[in-house]
Amino acid sequence: MNSVEDAVAPARGVNRTLYGILLASIASVFWGAMGIAVQYLFENTAVEPLQLVGLRLLAAGLLLILLNFIVARKVLLAPFSSPKSLLGIGLSGIEVLCAHLTFFIALYYSNAGTAAIFLGLVPLLAGFYLMLTGRKKLTGKELFCCALAFIGVFLIVSKGDLSSFELNWNAVFWGLCSAVAAVIYSIQPKKLIDRWSVIPVVSWGILCGGIVGFILAQPWKILSTFTAADFLAFAFIVVFGTVAAFWLYLESLKYLSPVVAGLVVCLEPLSAFLFGVWFLGLRLGVLECLGIAMVLANVIILSLGNNRPRRVRAQN
1369 MNSVEDAVAP
1379 ARGVNRTLYG
1389 ILLASIASVF
1399 WGAMGIAVQY
1409 LFENTAVEPL
1419 QLVGLRLLAA
1429 GLLLILLNFI
1439 VARKVLLAPF
1449 SSPKSLLGIG
1459 LSGIEVLCAH
1469 LTFFIALYYS
1479 NAGTAAIFLG
1489 LVPLLAGFYL
1499 MLTGRKKLTG
1509 KELFCCALAF
1519 IGVFLIVSKG
1529 DLSSFELNWN
1539 AVFWGLCSAV
1549 AAVIYSIQPK
1559 KLIDRWSVIP
1569 VVSWGILCGG
1579 IVGFILAQPW
1589 KILSTFTAAD
1599 FLAFAFIVVF
1609 GTVAAFWLYL
1619 ESLKYLSPVV
1629 AGLVVCLEPL
1639 SAFLFGVWFL
1649 GLRLGVLECL
1659 GIAMVLANVI
1669 ILSLGNNRPR
1679 RVRAQN
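Under my numbering, the residue at position 124 of the sequence shown is numbered 1492, and the numbers go up by one with no gaps.
Just so you know, the hints here were simulated from the structure itself, not pulled from any lab data.
Treat the hints with care, as some may be off.
In silico DSSO-like links for lysine-lysine, alpha-carbon gap of 27 Å or less [claimed, not checked]:
1. K1452 to K1504
2. K1559 to K1504
3. K1622 to K1504
4. K1504 to K1558
5. K1509 to K1622
6. K1558 to K1442
7. K1622 to K1442
8. K1622 to K1558
9. K1509 to K1558
10. K1452 to K1558
11. K1505 to K1622
12. K1505 to K1559
13. K1559 to K1509
14. K1452 to K1559
15. K1558 to K1505
16. K1442 to K1559
17. K1622 to K1452
18. K1559 to K1622
19. K1442 to K1452
With these hints in hand, go ahead and build the complete structure from the sequences.
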(Lines of atoms letter the chains of each structure in order from A and count residues from 1; the text may use other names and numbers.)
(Lines give C-alpha, C1' and ligand atoms only; values in the text may rest on other atoms or scores of the structure.)
Protein backbone atom coordinates (compact mmCIF):
# COMPACT_ATOMS: atom_id res chain seq x y z
CA MET A 1 0.00 0.00 0.00
CA ASN A 2 1.26 3.46 -0.88
CA SER A 3 -0.44 5.31 1.94
CA VAL A 4 -2.88 5.02 4.82
CA GLU A 5 -5.70 5.93 2.46
CA ASP A 6 -5.16 2.71 0.51
CA ALA A 7 -6.30 0.85 3.62
CA VAL A 8 -9.73 2.48 3.50
CA ALA A 9 -10.21 2.51 -0.27
CA PRO A 10 -13.08 0.33 -1.53
CA ALA A 11 -12.23 -2.95 -3.23
CA ARG A 12 -12.81 -3.17 -6.98
CA GLY A 13 -16.47 -3.82 -7.75
CA VAL A 14 -17.72 -2.50 -4.39
CA ASN A 15 -20.59 0.00 -4.68
CA ARG A 16 -19.04 3.37 -3.87
CA THR A 17 -22.21 4.95 -2.50
CA LEU A 18 -22.78 2.08 -0.07
CA TYR A 19 -19.12 2.24 0.89
CA GLY A 20 -19.41 5.97 1.59
CA ILE A 21 -22.49 5.35 3.74
CA LEU A 22 -20.53 2.73 5.70
CA LEU A 23 -17.67 5.17 6.35
CA ALA A 24 -20.04 7.95 7.47
CA SER A 25 -21.94 5.48 9.68
CA ILE A 26 -18.77 4.38 11.50
CA ALA A 27 -17.81 8.04 11.98
CA SER A 28 -21.25 8.70 13.49
CA VAL A 29 -20.86 5.81 15.94
CA PHE A 30 -17.46 7.16 17.03
CA TRP A 31 -18.94 10.64 17.52
CA GLY A 32 -21.83 9.21 19.51
CA ALA A 33 -19.49 7.22 21.77
CA MET A 34 -17.36 10.33 22.17
CA GLY A 35 -20.39 12.12 23.63
CA ILE A 36 -20.36 9.71 26.58
CA ALA A 37 -16.68 10.46 27.22
CA VAL A 38 -17.33 14.22 26.94
CA GLN A 39 -20.22 13.95 29.38
CA TYR A 40 -17.98 12.07 31.80
CA LEU A 41 -15.34 14.84 31.69
CA PHE A 42 -17.90 17.63 32.12
CA GLU A 43 -19.40 15.86 35.14
CA ASN A 44 -16.13 14.83 36.81
CA THR A 45 -13.67 17.62 35.99
CA ALA A 46 -13.65 21.42 35.79
CA VAL A 47 -12.86 21.47 32.06
CA GLU A 48 -14.83 24.02 30.02
CA PRO A 49 -16.14 23.56 26.45
CA LEU A 50 -13.53 25.77 24.74
CA GLN A 51 -10.73 24.14 26.72
CA LEU A 52 -11.88 20.64 25.74
CA VAL A 53 -12.38 21.53 22.08
CA GLY A 54 -8.97 23.21 21.86
CA LEU A 55 -7.19 20.34 23.63
CA ARG A 56 -8.81 17.57 21.56
CA LEU A 57 -8.16 19.27 18.21
CA LEU A 58 -4.56 20.12 19.06
CA ALA A 59 -3.79 16.60 20.33
CA ALA A 60 -5.57 15.01 17.37
CA GLY A 61 -3.78 17.28 14.89
CA LEU A 62 -0.36 16.49 16.33
CA LEU A 63 -1.13 12.77 16.31
CA LEU A 64 -2.25 12.89 12.67
CA ILE A 65 0.82 14.87 11.59
CA LEU A 66 3.16 12.46 13.39
CA LEU A 67 1.55 9.30 11.98
CA ASN A 68 1.28 10.61 8.44
CA PHE A 69 4.79 12.07 8.47
CA ILE A 70 6.00 8.51 9.07
CA VAL A 71 3.79 6.59 6.62
CA ALA A 72 2.68 9.17 4.00
CA ARG A 73 5.15 12.05 4.11
CA LYS A 74 4.90 13.05 0.44
CA VAL A 75 1.10 13.14 0.53
CA LEU A 76 1.11 15.07 3.81
CA LEU A 77 3.50 17.75 2.54
CA ALA A 78 2.12 18.02 -1.01
CA PRO A 79 -0.24 21.00 -0.36
CA PHE A 80 2.74 23.17 0.65
CA SER A 81 3.31 23.70 -3.06
CA SER A 82 0.06 25.67 -3.18
CA PRO A 83 -0.38 28.59 -0.72
CA LYS A 84 -4.03 28.89 -1.76
CA SER A 85 -4.68 25.26 -0.82
CA LEU A 86 -2.91 25.72 2.51
CA LEU A 87 -5.18 28.66 3.26
CA GLY A 88 -8.24 26.57 2.42
CA ILE A 89 -7.06 23.70 4.61
CA GLY A 90 -6.43 26.06 7.52
CA LEU A 91 -9.90 27.53 7.01
CA SER A 92 -11.44 24.05 7.20
CA GLY A 93 -9.79 23.59 10.60
CA ILE A 94 -11.27 26.85 11.86
CA GLU A 95 -14.66 25.65 10.62
CA VAL A 96 -14.32 22.42 12.63
CA LEU A 97 -13.39 24.46 15.71
CA CYS A 98 -16.39 26.77 15.24
CA ALA A 99 -18.83 23.90 14.65
CA HIS A 100 -17.88 22.10 17.84
CA LEU A 101 -17.54 25.19 19.98
CA THR A 102 -20.95 26.57 18.98
CA PHE A 103 -22.54 23.15 19.57
CA PHE A 104 -21.12 23.04 23.11
CA ILE A 105 -22.34 26.58 23.78
CA ALA A 106 -25.84 25.61 22.60
CA LEU A 107 -25.66 22.64 24.96
CA TYR A 108 -24.58 24.96 27.79
CA TYR A 109 -27.67 27.15 27.33
CA SER A 110 -30.09 24.22 27.04
CA ASN A 111 -29.33 20.50 27.37
CA ALA A 112 -27.80 17.69 25.33
CA GLY A 113 -31.13 16.64 23.84
CA THR A 114 -32.08 20.11 22.67
CA ALA A 115 -28.64 20.77 21.19
CA ALA A 116 -28.72 17.45 19.30
CA ILE A 117 -31.91 18.48 17.49
CA PHE A 118 -29.89 20.96 15.43
CA LEU A 119 -27.86 18.07 13.97
CA GLY A 120 -31.00 17.11 12.05
CA LEU A 121 -30.92 20.48 10.25
CA VAL A 122 -27.47 19.89 8.71
CA PRO A 123 -28.48 17.79 5.66
CA LEU A 124 -31.44 20.06 4.90
CA LEU A 125 -29.32 23.23 5.08
CA ALA A 126 -26.63 21.57 2.93
CA GLY A 127 -29.25 20.57 0.37
CA PHE A 128 -30.73 24.04 0.13
CA TYR A 129 -27.28 25.61 -0.24
CA LEU A 130 -26.31 23.25 -3.05
CA MET A 131 -29.67 23.83 -4.72
CA LEU A 132 -29.43 27.63 -4.50
CA THR A 133 -25.90 27.60 -5.90
CA GLY A 134 -26.98 25.33 -8.76
CA ARG A 135 -24.53 22.57 -7.81
CA LYS A 136 -27.13 19.92 -7.02
CA LYS A 137 -30.90 19.57 -6.84
CA LEU A 138 -32.56 18.00 -3.84
CA THR A 139 -34.27 14.78 -4.87
CA GLY A 140 -37.59 13.65 -3.49
CA LYS A 141 -35.86 10.81 -1.67
CA GLU A 142 -33.42 13.20 0.00
CA LEU A 143 -36.21 15.55 1.11
CA PHE A 144 -38.15 12.61 2.54
CA CYS A 145 -35.03 11.38 4.35
CA CYS A 146 -34.40 14.87 5.76
CA ALA A 147 -37.86 14.87 7.34
CA LEU A 148 -37.49 11.26 8.50
CA ALA A 149 -34.09 11.88 10.10
CA PHE A 150 -35.15 15.12 11.81
CA ILE A 151 -38.30 13.59 13.31
CA GLY A 152 -36.37 10.48 14.33
CA VAL A 153 -33.68 12.52 16.12
CA PHE A 154 -36.40 14.59 17.79
CA LEU A 155 -38.14 11.48 19.14
CA ILE A 156 -34.88 9.96 20.38
CA VAL A 157 -33.73 12.98 22.37
CA SER A 158 -37.12 14.32 23.52
CA LYS A 159 -39.36 11.23 23.90
CA GLY A 160 -41.88 13.32 21.95
CA ASP A 161 -42.25 15.79 24.81
CA LEU A 162 -41.65 19.44 23.88
CA SER A 163 -41.66 20.42 27.54
CA SER A 164 -38.36 18.57 28.01
CA PHE A 165 -36.55 21.30 26.06
CA GLU A 166 -35.04 24.34 27.73
CA LEU A 167 -35.20 26.58 24.71
CA ASN A 168 -34.06 30.17 24.89
CA TRP A 169 -32.79 32.52 22.24
CA ASN A 170 -29.17 31.85 23.12
CA ALA A 171 -29.66 28.12 22.58
CA VAL A 172 -31.49 28.71 19.29
CA PHE A 173 -28.85 31.13 18.01
CA TRP A 174 -25.82 29.00 18.88
CA GLY A 175 -27.56 25.79 17.78
CA LEU A 176 -28.25 27.29 14.36
CA CYS A 177 -24.65 28.53 14.20
CA SER A 178 -23.40 25.01 14.91
CA ALA A 179 -25.60 23.59 12.13
CA VAL A 180 -24.38 26.22 9.64
CA ALA A 181 -20.73 25.60 10.60
CA ALA A 182 -21.22 21.84 10.16
CA VAL A 183 -22.64 22.46 6.68
CA ILE A 184 -19.70 24.68 5.77
CA TYR A 185 -17.02 22.16 6.74
CA SER A 186 -18.97 19.45 4.89
CA ILE A 187 -18.87 21.45 1.64
CA GLN A 188 -15.83 23.78 1.68
CA PRO A 189 -13.02 21.16 1.84
CA LYS A 190 -14.50 18.83 -0.81
CA LYS A 191 -12.42 20.27 -3.68
CA LEU A 192 -9.32 20.16 -1.50
CA ILE A 193 -9.97 16.49 -0.72
CA ASP A 194 -10.43 15.71 -4.41
CA ARG A 195 -7.11 17.40 -5.21
CA TRP A 196 -4.88 16.50 -2.27
CA SER A 197 -6.69 13.56 -0.60
CA VAL A 198 -8.01 13.28 2.96
CA ILE A 199 -4.60 12.93 4.66
CA PRO A 200 -3.35 16.56 4.43
CA VAL A 201 -6.80 18.15 4.66
CA VAL A 202 -7.67 16.38 7.93
CA SER A 203 -4.17 16.52 9.43
CA TRP A 204 -3.27 20.18 8.85
CA GLY A 205 -6.86 21.38 9.17
CA ILE A 206 -7.44 19.86 12.61
CA LEU A 207 -4.01 20.99 13.78
CA CYS A 208 -4.78 24.57 12.71
CA GLY A 209 -8.13 24.53 14.53
CA GLY A 210 -6.45 23.05 17.59
CA ILE A 211 -3.75 25.74 17.70
CA VAL A 212 -6.35 28.51 17.53
CA GLY A 213 -8.51 26.84 20.20
CA PHE A 214 -5.50 26.20 22.44
CA ILE A 215 -4.41 29.84 22.26
CA LEU A 216 -7.92 31.10 23.01
CA ALA A 217 -8.65 28.66 25.86
CA GLN A 218 -5.18 28.36 27.46
CA PRO A 219 -6.15 24.93 28.87
CA TRP A 220 -2.77 23.72 30.15
CA LYS A 221 -3.70 24.36 33.81
CA ILE A 222 -6.71 22.02 33.68
CA LEU A 223 -4.54 19.09 32.59
CA SER A 224 -2.77 19.05 35.96
CA THR A 225 -6.08 18.16 37.63
CA PHE A 226 -6.84 15.14 35.39
CA THR A 227 -6.82 11.64 36.91
CA ALA A 228 -5.83 8.48 35.02
CA ALA A 229 -9.49 7.85 34.17
CA ASP A 230 -9.86 11.43 32.90
CA PHE A 231 -6.85 11.01 30.61
CA LEU A 232 -8.27 7.71 29.34
CA ALA A 233 -11.56 9.40 28.45
CA PHE A 234 -9.67 12.24 26.79
CA ALA A 235 -7.56 9.75 24.80
CA PHE A 236 -10.74 8.10 23.50
CA ILE A 237 -12.08 11.52 22.48
CA VAL A 238 -8.88 12.29 20.57
CA VAL A 239 -8.22 8.95 18.87
CA PHE A 240 -11.72 7.73 18.04
CA GLY A 241 -13.96 10.77 18.45
CA THR A 242 -11.69 13.12 16.50
CA VAL A 243 -8.93 11.47 14.44
CA ALA A 244 -10.83 8.38 13.25
CA ALA A 245 -14.25 10.04 13.04
CA PHE A 246 -13.20 13.08 10.99
CA TRP A 247 -10.98 10.98 8.75
CA LEU A 248 -13.81 8.55 7.98
CA TYR A 249 -16.36 11.33 7.51
CA LEU A 250 -14.23 13.37 5.11
CA GLU A 251 -13.25 10.18 3.26
CA SER A 252 -16.97 9.44 2.83
CA LEU A 253 -17.37 12.80 1.03
CA LYS A 254 -15.38 11.31 -1.86
CA TYR A 255 -18.33 8.98 -2.49
CA LEU A 256 -21.35 10.90 -1.12
CA SER A 257 -22.84 14.35 -1.51
CA PRO A 258 -22.80 16.54 1.64
CA VAL A 259 -26.59 16.06 1.86
CA VAL A 260 -26.42 12.26 1.97
CA ALA A 261 -23.40 12.29 4.29
CA GLY A 262 -25.25 14.68 6.62
CA LEU A 263 -28.27 12.39 6.68
CA VAL A 264 -26.12 9.40 7.60
CA VAL A 265 -24.49 11.41 10.40
CA CYS A 266 -27.94 11.63 12.01
CA LEU A 267 -26.89 8.25 13.39
CA GLU A 268 -24.73 10.21 15.86
CA PRO A 269 -27.49 11.07 18.38
CA LEU A 270 -28.85 7.55 17.91
CA SER A 271 -25.51 5.95 18.78
CA ALA A 272 -25.01 8.38 21.69
CA PHE A 273 -28.42 7.41 23.09
CA LEU A 274 -27.71 3.68 22.72
CA PHE A 275 -24.32 4.07 24.44
CA GLY A 276 -26.18 5.92 27.19
CA VAL A 277 -28.59 2.99 27.54
CA TRP A 278 -25.68 0.55 27.82
CA PHE A 279 -23.32 2.53 30.03
CA LEU A 280 -25.40 5.18 31.83
CA GLY A 281 -28.57 3.21 32.53
CA LEU A 282 -30.90 5.25 30.32
CA ARG A 283 -34.28 3.62 29.63
CA LEU A 284 -35.53 2.83 26.15
CA GLY A 285 -39.21 3.73 25.60
CA VAL A 286 -41.66 3.24 22.74
CA LEU A 287 -41.10 6.69 21.19
CA GLU A 288 -37.33 6.32 21.40
CA CYS A 289 -37.63 2.97 19.60
CA LEU A 290 -39.76 4.64 16.92
CA GLY A 291 -37.14 7.38 16.53
CA ILE A 292 -34.39 4.78 16.24
CA ALA A 293 -36.37 2.96 13.56
CA MET A 294 -36.85 6.20 11.60
CA VAL A 295 -33.15 7.12 11.69
CA LEU A 296 -32.16 3.61 10.61
CA ALA A 297 -34.81 3.67 7.88
CA ASN A 298 -33.32 6.95 6.64
CA VAL A 299 -29.93 5.25 6.11
CA ILE A 300 -31.51 2.16 4.51
CA ILE A 301 -33.55 4.27 2.07
CA LEU A 302 -30.44 6.21 1.07
CA SER A 303 -28.74 2.89 0.33
CA LEU A 304 -31.51 1.69 -1.99
CA GLY A 305 -31.33 2.23 -5.73
CA ASN A 306 -27.55 2.59 -5.78
CA ASN A 307 -26.60 -0.73 -7.31
CA ARG A 308 -24.33 0.66 -9.98
CA PRO A 309 -20.79 1.69 -9.06
CA ARG A 310 -20.31 5.40 -8.96
CA ARG A 311 -17.28 7.09 -10.48
CA VAL A 312 -15.66 9.90 -8.55
CA ARG A 313 -14.59 12.84 -10.64
CA ALA A 314 -12.21 15.46 -9.39
CA GLN A 315 -13.65 18.95 -9.23
CA ASN A 316 -11.66 21.65 -10.92
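Next item on the list: Verify the proposed pairing of K1509 with K1558, using a straight-line Cα cut of 27 Å.
Entry: 23 Å, holds
Check: Does the alpha-carbon distance linking K1452 and K1558 stay inside the 27 Å limit?
Finding: Given that 27 Å is the threshold and the Cα spacing comes to 15 Å, the pair holds.
Notebook entry, point to check: Between K1559 and K1504, is the straight-line Cα distance small enough, at 27 Å or below?
Noted result: Status holds; Cα separation ~15 Å.
Check: Does the structure keep K1559 and K1509 at a Cα separation of 27 Å or less?
Finding: The hint holds at about 25 Å.
Next item on the list: Assess, step by step, whether the Cα of K1558 is no farther than 27 Å from the Cα of K1505, and give holds or violated.
Entry: Holds. K1558 to K1505 sits at ~17 Å (cutoff 27 Å).
Check: Straight-line Cα separation of K1452 and K1559 no greater than 27 Å?
Finding: 12 Å, holds
Check: Does K1505 pair with K1559 here, judged by a C-alpha cut-off of 27 Å?
Finding: 19 Å, holds
Margin query: For K1622 and K1442, compute the direct alpha-carbon distance and say whether it is at most 27 Å.
Written below: 20 Å, holds
Margin query: Against the 27 Å threshold, does the CA-CA distance of K1558 and K1442 hold or violate the hint?
Written below: Status holds; Cα separation ~20 Å.
Item checked: Holds or violated: K1442 to K1559, with C-alpha atoms at most 27 Å apart -> Status holds; Cα separation ~19 Å.
Margin query: Does K1558 sit within 27 Å of K1622, going by the straight-line distance between their CA atoms?
Written below: 8 Å, holds
Notebook entry, point to check: K1505 and K1622: Cα distance at most 27 Å?
Noted result: 18 Å, holds
In summary, the structure agrees with every hint in the numbered list given earlier.
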